[in-house]
Each structure stands twice: as structure tokens, then as C-alpha cells.
Amino acid sequence: MNTDPIADYLTRVRNAIKANHRVVEIPASNLKKEITKVLFDKGYIANYKFEDNGPQGTIKVALKYHPITKISAIRSISRISKPGLRKYAGMENMPRVLNGLGIAILSTSKGVMSDKEARQQNVGGEVLCYVY
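For the sequence shown, the working numbering begins at 188 and goes up steadily by one.
Taking CB as the label site, the calculated pair distances span:
no., residue 1, residue 2, range
1, T198, Y275, 21 to 29 Å
2, Q307, G241, 33 to 41 Å
3, I258, T295, 27 to 35 Å
27 Å max Cα-Cα, derived DSS-like pairs, lysine-lysine:
no., residue 1, residue 2
4, K251, K236
5, K274, K303
6, K205, K247
Derived from the structure by calculation, the hints contain no laboratory data. Quick reminder that beta carbons are idealized off the backbone N, C-alpha and C, glycines included.
Model the full structure from these sequences, guided by the hints.
Rendered as C-alpha cells:
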């Protein structure tokens, strides 16, 4: 049993980047699938595939690297709201990651989205992680 599945997801991605892997396999959940879709839409990962094998299924994430320098598109990915200390942000105090160059992934009442989308839809929520 894992206490914080989102932290496990982010750690698997972080470790795969450090080891220069192309693909990383992660146990699936609905929240992890939504986070993966946000990362893909914002261009931080190259591709993803949901596989329904076994009771839980897996997510295969293809990581994105610069073709010449081989530097990952994700420089840093960090968990913000932890099970022991939840962090919430309203519309008026939405976090800006790297002065707008990075994204914060939020879990809102209208689904999982980036901080820019949450500002446009005028909703706040739990700040899951920062990506830049």
C-alpha cells in the first residue's frame, strides 16, 4: 500500500529522467491519468498510453528530451500538497511557477487543470504539484 500515490508518480517520472529513460510505467488511477493528460497538453511529455492489464492498469509515459542536448523537457517536478499538509489556492492567490514559465497542476471542482486554465475558469483548488 502506498500512502501518497501522486508523490510516487512524480518520483517515478523524476527517477526516469535522471536515468535518461525514454518510457516509464506507472500504476494507474483516475487522478494520475488526469495529471498525465495535463502534462501532455502542456508539452512536458512526448506521449502516453493507458493500458488495462490487471485490476489497476498502468500508464506508459514517453518522456520528452531535446534532440541535440538531450536535456529533459521537465527540469523540475515537485509535490506541493502532501497528505499531512494540504495546500489550497483560491482564484485570487493562484501560484505563479517560475514567474509564469512553469505550471502548477491543480485539482479543482471542475477537474484537474493547470493554473492558467483555473484562472480562466475562475476556480481554485488543491495545488498538487509544480512542473517546470
